[in-house]
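Chemist: Once you have looked at the hints, place chain B on chain A.
There are 2 protein chains.
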Amino acid sequence: MQIDEIFEADRRLNNKKRITPLLNSPFLDEIADRKIFIKAECLQHTGSFKFRGAFSAISSIPVEKRKKGVIAYSSGNHAQGVALAAKIHEIHATIIMPEDAPEIKINNTRDLGAEVILYDRLSESREKIGERISEERLLSLIPPYDHTDVIAGQGTIGLEIASQADENGIEKADVLVCCGGGGLTSGIAVALSKLMPNFVTRPVEPEGFDDVVRSLKSGERQTNEKMSGGLCDAIITPTPGELTFPLMKKYCGEGIVVTDEEVMKAIALAFTRLRIVVEPGGAVALAAALFHTKSYNNETVIAVVSGGNIDPDIFRKAIELI
Amino acid sequence: MQIDEIFEADRRLNNKKRITPLLNSPFLDEIADRKIFIKAECLQHTGSFKFRGAFSAISSIPVEKRKKGVIAYSSGNHAQGVALAAKIHEIHATIIMPEDAPEIKINNTRDLGAEVILYDRLSESREKIGERISEERLLSLIPPYDHTDVIAGQGTIGLEIASQADENGIEKADVLVCCGGGGLTSGIAVALSKLMPNFVTRPVEPEGFDDVVRSLKSGERQTNEKMSGGLCDAIITPTPGELTFPLMKKYCGEGIVVTDEEVMKAIALAFTRLRIVVEPGGAVALAAALFHTKSYNNETVIAVVSGGNIDPDIFRKAIELI
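Chains as they are written, first to last, in the working numbering: chain A, 1217 to 1538; chain B, 1217 to 1538.
It is possible that some hints are incorrect.
[Stated by the list, open to error] With a Cα cut of at most 25 Å, we get these calculated DSS-like pairs of lysine-lysine:
hint: 1; chain 1: B; residue 1: K1433; chain 2: A; residue 2: K1251
hint: 2; chain 1: A; residue 1: K1303; chain 2: B; residue 2: K1251
hint: 3; chain 1: B; residue 1: K1284; chain 2: B; residue 2: K1303
hint: 4; chain 1: B; residue 1: K1251; chain 2: A; residue 2: K1232
hint: 5; chain 1: B; residue 1: K1232; chain 2: A; residue 2: K1251
hint: 6; chain 1: A; residue 1: K1281; chain 2: A; residue 2: K1344
hint: 7; chain 1: A; residue 1: K1510; chain 2: A; residue 2: K1388
hint: 8; chain 1: B; residue 1: K1281; chain 2: B; residue 2: K1303
hint: 9; chain 1: B; residue 1: K1232; chain 2: A; residue 2: K1388
hint: 10; chain 1: A; residue 1: K1510; chain 2: A; residue 2: K1466
hint: 11; chain 1: A; residue 1: K1232; chain 2: B; residue 2: K1388
[To be verified] Footprint (simulated), chain A over chain B, 3 or more residues, beta carbon under 8 Å:
hint: 12; region: 1257 to 1265
hint: 13; region: 1280 to 1290
hint: 14; region: 1487 to 1499
Everything labelled a hint here was simulated from the structure, so no lab data went into it. Ideal Cβ placement from N, Cα and C applies to all residues, glycine included.
Isolated chain A (complex conformation) (with noise of 0.2 Å):
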């Protein structure tokens, strides 16, 4: 994995993707005692990071192969970031959804153009349901994180960081990710090790679904006990990707760990001092910058806000705590 990959899918997704703002607040300032950033992916088509790597895969594929379709597996962000990604490429898209994933995002992905297959999370397996219909309708299969071009997608978030930074006269920081499977995380870290050497990339999870953080520490690919259940539904993934995990151990920091409170705490302050709307998943990283100020060593931090993809309950909820 190379930055040019990251600078080619930038130039595909030039004109389609968003560029989405870089945030502050004095107030959250003042809550870590450092200067905190916002990178404000929620407000990213479809609202989450996950276009960026759909587009990015989808458009690499060649034409006559493109035309016959792409599949796709995916708790909810993913799939809405393929079924648009299809849509502006005029191709049919097929989405295997876990059936207990937020009724809105099924709803956003059918109502996106695609056609949306469901399965049982505990008894089947995505991974051989995605395979066995790809083969069989001759579909391009575009895995959520585990494939170079979305990885170098997810990636251009990084060239977007390097470049705020640079306005904002920001040269050292930490940059805190949400991390489940790791695309994200270790496009960032590709782009930002070659851009900003004095930026430290590190994934941030939830407890009981720490995987990377985990595999990180040990040097080996961990997996998690539990396999759904958490706060943070879009960002819980088995285990490390086979693609993602070696660019994370070369590129990244240490991980963080925050809690599921921390997280709702954050989603609160987000909504009243940015005025952006972030679900459990996308608060992982601010939640971190906010709360756990003993864990990285900057004294600006940068978080990726990866998505606002929330269900109202969880989001009345979550602003209660004001």
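Modeler: Just chain B now, with coordinates in the frame of chain A:
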């Protein structure tokens, strides 16, 4: 009022204001059967466009006079804008606020370093209090809208809309603007009348507080019967400004009036579809774009979302509509 004054304000605000994004969603387009773009000014510093006008006005006061400090009267958003702009200029700010303003706005204004003086909206005149204190302390009064440098500051949003419309290939559009005293509306209208002759700027007001809409219709400044009690507290003003009304008369199209119910729906849709937090007064233009399509003619509409400082209880009620 010339566009050159807006260009000058833009230079003073360079690197101080946030260039807020122009957002969109296929789901909103579908509701209105139009292309809807949203200028997300709720993402501005302090959560509303008011920072622009306040900074523009303070930065144009001669240095020696400025050092003595500034004073403003405001129901909340102008207060926070003036407080932050004064802080950046390292001068003292005195803010006169109604005692029934949302608590969060009063607290934020104090936390931004301003001295807050509360008054009774029904029995006292904020203008008289403001004039008395500013004479005693030799402060410069920063009015909320009826001031050339304030209007020029708000007009910088018009410059951004023009350039973002170009990027998005928008050639003709209705531009709907949340309207209180008319500073934002007239500033944007002046900018767009010169830069985008095919754009029509249209003030939008909440039912019961439609002084500008009625004034434009009759050709004379009209007043509202009530002075408080509406959902859209941030944009309740007695009558159009002396400076802003002639500008709106010259440069604006017909106004639009929306109901509180439409405002609440617009807040809910901004939550699910744009992942931004919008306050009632900041949502009237989006409500008009979504639900009053018969009131405008162009196939593309740009709605300015002017602020995001909402009471959490009202926000919870809005998202219950989903």
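Chemist: Of the numbered hints stated earlier in the document, which are not met by this structure?
Modeler: 1 and 13
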